[in-house]
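Engineer: When we follow our numbering, the leftmost residue of the sequence shown carries the number 96, and every step to the right adds one.
Some hints here could point you the wrong way.
As the list claims (entries may be wrong) - If you anchor each label on the Cβ, the simulated ranges turn out as follows:
| no. | residue 1 | residue 2 | range |
| --- | --- | --- | --- |
| 1 | T114 | H164 | 17 to 27 Å |
| 2 | R197 | S145 | 14 to 24 Å |
| 3 | N104 | S185 | 15 to 25 Å |
| 4 | Q122 | T165 | 31 to 41 Å |
| 5 | T165 | E190 | 18 to 28 Å |
| 6 | A118 | S185 | 26 to 36 Å |
| 7 | R168 | G120 | 28 to 38 Å |
| 8 | R189 | D166 | 11 to 21 Å |
| 9 | D117 | A175 | 29 to 39 Å |
| 10 | R150 | L199 | 20 to 30 Å |
| 11 | D166 | R197 | 17 to 27 Å |
In case anyone wonders, no lab produced these hints; they're calculated from the structure. Positions of the beta carbon are idealized from the N, C-alpha and C atoms, including for glycine.
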Amino acid sequence: MPRVAVIGNDLMLASRVTTALDAAGHQVEQSGSLPDHLEGIDLVIADLDSVDPERLGTLEQPVLGFYRHTDTRTKERADAAGLGLVVPRSRMVRELPELADRLLTG
Numbered sequence: 096m097p098r099v100a101v102i103g104n105d106l107m108l109a110s111r112v113t114t115a116l117d118a119a120g121h122q123v124e125q126s127g128s129l130p131d132h133l134e135g136i137d138l139v140i141a142d143l144d145s146v147d148p149e150r151l152g153t154l155e156q157p158v159l160g161f162y163r164h165t166d167t168r169t170k171e172r173a174d175a176a177g178l179g180l181v182v183p184r185s186r187m188v189r190e191l192p193e194l195a196d197r198l199l200t201g
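Using the sequences and the accompanying hints, generate a full structural model.
Structural biologist: What follows is the structure, encoded as structure tokens:
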């Protein structure tokens, strides 16, 4: 069972993400900020309003970053940081299990 860290401060969204990932067979750990240690984590899903994209770009794990569709600057910063996949929040909610599987299978 893949372990996924969900990082963000929006508790309503985190609940939806956790429910979708649980249903897809993933073990989920939630946090409001990026933990210092991510041992055993297979994928990081991060709200780019809560976590600096440059910091996420240094992780060994694949990262699914999501942003408000109007925040093009954050998208540019995340792309420059080399995150695995950066999508608008609405797409992340709609396609979460598929996006997670895509990053987990490389």
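Engineer: All hints are to be evaluated individually against the structure, with a verdict given for each.
Structural biologist: To see whether the hints hold, each was checked on the structure:
1. T114 x H164: 17 to 27 Å: 22 Å, holds
2. R197 x S145: 14 to 24 Å: At 22 Å between Cβs, range holds.
3. N104 x S185: 15 to 25 Å: 18 Å, holds
4. Q122 x T165: 31 to 41 Å: 33 Å, holds
5. T165 x E190: 18 to 28 Å: 19 Å, holds
6. A118 x S185: 26 to 36 Å: 19 Å, violated
7. R168 x G120: 28 to 38 Å: Because 35 Å falls inside the window, the suggested range holds.
8. R189 x D166: 11 to 21 Å: 18 Å, holds
9. D117 x A175: 29 to 39 Å: Given a distance of about 32 Å, which is inside 29 to 39 Å, the answer is holds.
10. R150 x L199: 20 to 30 Å: 21 Å, holds
11. D166 x R197: 17 to 27 Å: Taking Cβ atoms as reference, D166 and R197 lie about 23 Å apart, which means the hint holds.
Against the hints set out earlier in the document, a violation occurs for number 6 only.
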